[in-house]
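Going left to right, the sequence shown walks through residues 5 to 122 as my numbering numbers them.
The set of hints was computed from the structure by calculation and includes no laboratory data.
Misleading hints may appear alongside valid ones.
[Unchecked claim] As a list, the in silico DSS-like pairs of lysine-lysine whose alpha-carbon atoms are at most 27 Å apart:
1. Lys67 x Lys47
2. Lys74 x Lys93
3. Lys117 x Lys47
4. Lys93 x Lys67
5. Lys47 x Lys93
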Amino acid sequence: MINSKLTLTTGALVIASSLFLSSSIQAAGMSSYMENALIDVCKAAKSNNTIRFSYTVKSYRLKTQTVALKVVCNGENISEFAANHGANKTADRLNEALGDVSIEDVALNDSEKLYVNF
């Protein structure tokens with residue numbers, strides 16, 4: 005009797021924890037590779053080193069315009085994030101990349117943006 009209760013409780017715990025983990029992964033909606041890439045790009049933008057920023061963006065095979073339009077670092081779009089951390093060189097680089105933006109690009113849905121907090 006005690007053995008069956010223990011098995012039942014353990015089984016329920018395993019199911020509950022697996023449901024929690026799967027919902028956490030789905031809530032994040034991105035792979036760990038993508039999350040690390042976004043964190044690296046945000047940190048490079050914050051560094052105010054345009055060479056480091058360009059290298060990081062290229063190393064993940066991204067385009068600066070795509071990064072400027074879609075990446076949100078700690079709740080701020082990436083160019084505002086860089087500027088608010090005193091990284092004016094990288095903020096300027098990001099804003100220059102937005103020079104050839106169409107109205108459709110500006111009107112991106114929030115679901116098309118890539119959010120990362122670190």
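For each hint, the structure was consulted:
1. Lys67 x Lys47: Roughly 16 Å between the alpha carbons, so the hint for Lys67 and Lys47 holds.
2. Lys74 x Lys93: Holds, at roughly 19 Å.
3. Lys117 x Lys47: Between Lys117 and Lys47 the Cα gap is close to 18 Å, so the pair holds against 27 Å.
4. Lys93 x Lys67: The hint holds at about 17 Å.
5. Lys47 x Lys93: Distance of about 14 Å is within 27 Å: holds.
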